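There are 2 protein chains.
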Amino acid sequence: MSESNSVLIGRKPVMNYVLACITLFHSGSKEVSIKARGRAISRAVDVVEITRRRFLPDVKIQKIDIGTEQLQVEGGASTNVSTIEITLTR
Amino acid sequence: MSESNSVLIGRKPVMNYVLACITLFHSGSKEVSIKARGRAISRAVDVVEITRRRFLPDVKIQKIDIGTEQLQVEGGASTNVSTIEITLTR
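Protein sequence lines correspond, in order, to chains A and B. The working numbering applies: residue 1 is where the first sequence begins, and numbers increase by one. The working numbering applies: residue 1 is where the second sequence begins, and numbers increase by one.
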C-alpha cells in the first residue's frame, strides 16, 4: 500500500511536529512528507533532523524540493514565499 | 575547469547573497553552493529561488543536503543546529 501523509510545519514547538511524524510512521505509513513555507522552512529541517537522528534512524530522506508560491496579501497585492517539501521514507 | 564556490548565508538582506551568487556565475563558475545553518536556512531557500526565478533561469538545483552540526556554546555545553547545502549548476 503506497500511502502518503504530510505534516505541515507552522509556529508550534518543533517537538509537536516530530511527534506527528513519528506517529505517522508508527501507524504504518511508509512515506511522510514535511512541508513548510517562509520562515518555517528552518523548523522543517529541524523536524526532519530530530526525527531521523534521535528517534527513527531507519528513516531516509527520499527527496527535497524547494519552490515559490504566490500569496495574495490584503489589498490585492501578491507576494512570493519560498516553500520546501521533504519526503521521508522508511 | 571544475571550480566550486560557496556562499554562506548569514543575517544580511537576501539580495546581498543573491548578488554574490550572480557574481560567481558571471565570473565563470559552473557550480555554486549555498550553505546555511539554523534560522538562516529559510533565507538560503529564498536566495536560491530569487536567483533562479528572477535572474538566472538557466541555473538548476543539482543537489540539496540537510544535516546537523554540533556547536560548542559558552560554558562547554554543546547544542545541535540544522544545516542545509544547496548546490546550483549552470
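To be clear, the hints were calculated from the coordinates, so they are not data collected in a lab. Quantities reported herein were computed from a predicted structural model and do not represent experimental measurements. Check the hints yourself; a few may be wrong.
[Stated by the list, open to error] With a cut-off of at most 25 Å between alpha-carbon atoms, the simulated DSS-like pairs for lysine-lysine come out as follows:
no. : chain 1 : residue 1 : chain 2 : residue 2
1   : A       : Lys60     : B       : Lys35
2   : A       : Lys60     : B       : Lys63
3   : B       : Lys35     : A       : Lys63
4   : A       : Lys60     : A       : Lys30
5   : A       : Lys63     : B       : Lys63
6   : B       : Lys12     : A       : Lys60
7   : B       : Lys30     : A       : Lys35
8   : A       : Lys30     : B       : Lys63
9   : B       : Lys63     : B       : Lys35
[Unchecked claim] Computed far set for chain B versus chain A, every beta-carbon distance over 10 Å:
no. : residue
10  : Thr23
11  : Glu49
12  : Leu56
Ideal Cβ positions, reconstructed from N, Cα and C, are used throughout, including at glycine.
So which of the earlier hints does this model not fit?
As far as the earlier hints go, 6, 7, 11 are violated by this structure, in ascending order.
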